[in-house]
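Each step along the sequence shown adds one to the number in our numbering, with nothing skipped, and position 114 is 114.
Because the hints were derived from the structure by calculation, they are not lab data.
Note that the coordinates shown come from a computational prediction; the quantities given were computed from them, not determined experimentally.
Each hint should be verified, as a subset may be incorrect.
Label pairs and their in silico Cβ distance ranges [as the list claims (entries may be wrong)]:
hint, residue 1, residue 2, range
1, Ala293, Cys104, 38 to 48 Å
2, Glu299, Lys26, 42 to 52 Å
3, Asn28, Ile176, 41 to 51 Å
4, Asn28, Gly145, 34 to 44 Å
5, Lys109, Lys150, 17 to 27 Å
6, Pro118, Glu25, 11 to 21 Å
7, Leu248, Leu61, 25 to 35 Å
8, Lys150, His32, 30 to 40 Å
9, Ala107, Phe249, 31 to 41 Å
10, Lys109, Val268, 39 to 49 Å
Cβ atoms here follow ideal geometry from the backbone N, Cα and C, with glycine treated the same way.
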Amino acid sequence: MYINAVFEGGGVKGISLAGAISAAEKHNVQFHQIAGTSSGAIVASCLAAGYSGEELKKIILQTPFQSFLKRSWIYNVKFIGPAVRLMLKKGLYSGEALEHWIHCILADKNIRTFGDLPPGKLRIIASDISQGKLLVLPDDIEQYGINPAKFSIAKAVRMSCSIPFFFDPVRLRKSIYIVDGGLLSNFPLWLFDKQNTKVNFYPTIGFQLVGKTEKVNHQITDPISMLQALFSTMMGAHDERYIEKHNLFRTVKIPTLGVHTTEFDIKVEKSLELYQAGYAAADLYFKNWSKAAYLNDYERYVISK
């Protein structure tokens, strides 16, 4: 069957989404339209480009994520360096390495811009903090005088992954700052609802990372660590504290095993555990999935709300 898929963000925990995709493929699920936020945007863009769950697993396991955190030696001077960089660049790390990584992965499938994909195939969520609004890319990029079809998917993914204070915001027209989509919607399950009709209907199924509310003791030693703890706390409670009952029927809930969003030094063994957790969660969901039950719940909880 064909579905519309929505992938929640979660930093390095994204490999669990690859496991969920593999399980979905086992049940002959194909993806009509795809959306994602933050690391969910990485997975969504690769899936839209034609990568399988197994291919995503290999890519993620082979990627040294700590290489995304390199910066000039002058910004590594204890206490002073990071503070200066944060003041000048608005982030501790540039995000350019992440954008280049995504660009190369997509280019291997001959995908570079949104125009290289079927119209509406991929949507990525980002946050315009200068104007205080959520962006659905590529559609909303036209507001800034940019042709959506010619807009770089890797740039959009970088925008969606730009965790405030951690990665530099992406600047548009000098005065516009774009950051992590999770700031405003980390799990945009609502995205495809308005376009569904009885004649042209595709089930929307969300892949959500759960288990983020475990107690975490943040070591706050300076303003920078305080800002990081602030954002981490916000992201951890953003969508999980209140999950509406009417969305449970269309959500694959994936346990994240206590792994933190910015745990870039994650071990291979833990990454494999995350992959298996995603696979098991999606396998169970699709094994019990029923079109009739889905349509009944969709009518009851989404259309009639």
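Structure versus earlier hints - violations, ascending order
2, 8 and 10
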